[in-house]
Amino acid sequence: MVRPLEGQIALALFFNWARLELSSVYITGREPSKSDNIYETSLPALDQTAKDIQDRDGKAVIVYCDHGKDEDVKRLFEQIETETNGRLDILVNNAYSAIKDFRSAGGAAFFDLEPNFWDSVNNVGLRNNYICGVYAAKMMVKRKSGLIVNISSAGGLQYVFNVAYGVGKCAVDRMSADMAVELKPHNIACVTLWPGTVKTEMAQIMQKNDEIGQVLKIDKELADKQVEGAESVEFSGKAIVALASDSKLMKKTGKILLTYDIAKEYKFKDIDGKMPGDMRQMKTALEFLGWKRLASWTPGCLRVPLIGLHMASYKFL
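At position 113 of the sequence shown (counting the first as 1) the number is 113 in the numbering used here, and the numbers step up by one without a gap.
Hints are computed from structural coordinates only; laboratory data are not their basis. Just so it is clear, CB atoms sit at the ideal spot from N, CA and C, and this is done for glycine as well. Wrong hints could be hidden among the right ones.
As the list claims (entries may be wrong) - As a list, the in silico SDA-like pairs of lysine to any residue whose alpha-carbon atoms are at most 20 Å apart:
| no. | residue 1 | residue 2 |
| --- | --- | --- |
| 1 | LYS252 | ILE271 |
| 2 | LYS264 | PHE288 |
| 3 | LYS59 | ASP47 |
| 4 | LYS264 | ARG280 |
What the hints assert, rightly or not - What follows is a set of in silico ranges between Cβ atoms, one per label pair, in the way DEER data are often shown:
| no. | residue 1 | residue 2 | range |
| --- | --- | --- | --- |
| 5 | ASN85 | HIS310 | 38 to 46 Å |
| 6 | PRO115 | GLU265 | 21 to 29 Å |
| 7 | ILE271 | SER245 | 13 to 21 Å |
| 8 | ASP72 | GLU201 | 20 to 28 Å |
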């Protein structure tokens, strides 16, 4: 069983590999000399991730691939098809390459940025997801099974970071829903996964440099609170494993699924034995809206219903 993964969050799927009896996982990323390691040397490289996988008795296949280049992506899937006899079970689309530009842009408005900022954010974060989905689906359709997971965020629902980011995430959410329509007759599921705030290495670097509040346009106290209550990179991996292990997965195809909700449904916790922050918590939502006093009076057990999130996506009123 082979699962090509892209991006840091998705790599965590390895660490739960035994439950899925997986034999190989393809991990992808740019060559070290062309990656974000150039300006942040503390960031983990693919070879370190592969070692972590091997230490847990897994098998990782490293493929250096620039997901902004169509020919690299095509070669990746040709390699997978050749080496696995055309078997592909799970695709996790999580590649992203705009963090450096996010940090440089700070909280700038779209009209204060160069137009090519759009390409920096969405060439890999959106366009590549579609291309990977095409190549993955070609293999999955032949076997009448598979799961495509597109990583997105609440930025697809309401304004977060900047215009290019929000539009890209909204498009990813819609892409999953529409792909699901065309893949359902072939018994292939396609879902969007929304992690909460994730304690990636980059997030911790940005927190240390007081950059998160600037990018999110929130005060430092709230920014620090978000990172402190953040989920580990393995939490998304646990969520994907739970979904892939569910014999009734097709009932969820086309939907946006939150990692916290999946954890509650399938009864698992983060690697520290605790539950991370809940983006549907009413108190958290009020804090982000700037209503701190009302948030302080709001019980932590109150959650925004899914219908509330659904209605918030409408722009007609």
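Tested hints:
{"no.": "1", "hint": "LYS252 / ILE271", "result": "violated (25 Å)"}
{"no.": "2", "hint": "LYS264 / PHE288", "result": "violated (23 Å)"}
{"no.": "3", "hint": "LYS59 / ASP47", "result": "holds (12 Å)"}
{"no.": "4", "hint": "LYS264 / ARG280", "result": "holds (13 Å)"}
{"no.": "5", "hint": "ASN85 / HIS310: 38 to 46 Å", "result": "holds (41 Å)"}
{"no.": "6", "hint": "PRO115 / GLU265: 21 to 29 Å", "result": "violated (42 Å)"}
{"no.": "7", "hint": "ILE271 / SER245: 13 to 21 Å", "result": "holds (18 Å)"}
{"no.": "8", "hint": "ASP72 / GLU201: 20 to 28 Å", "result": "holds (24 Å)"}
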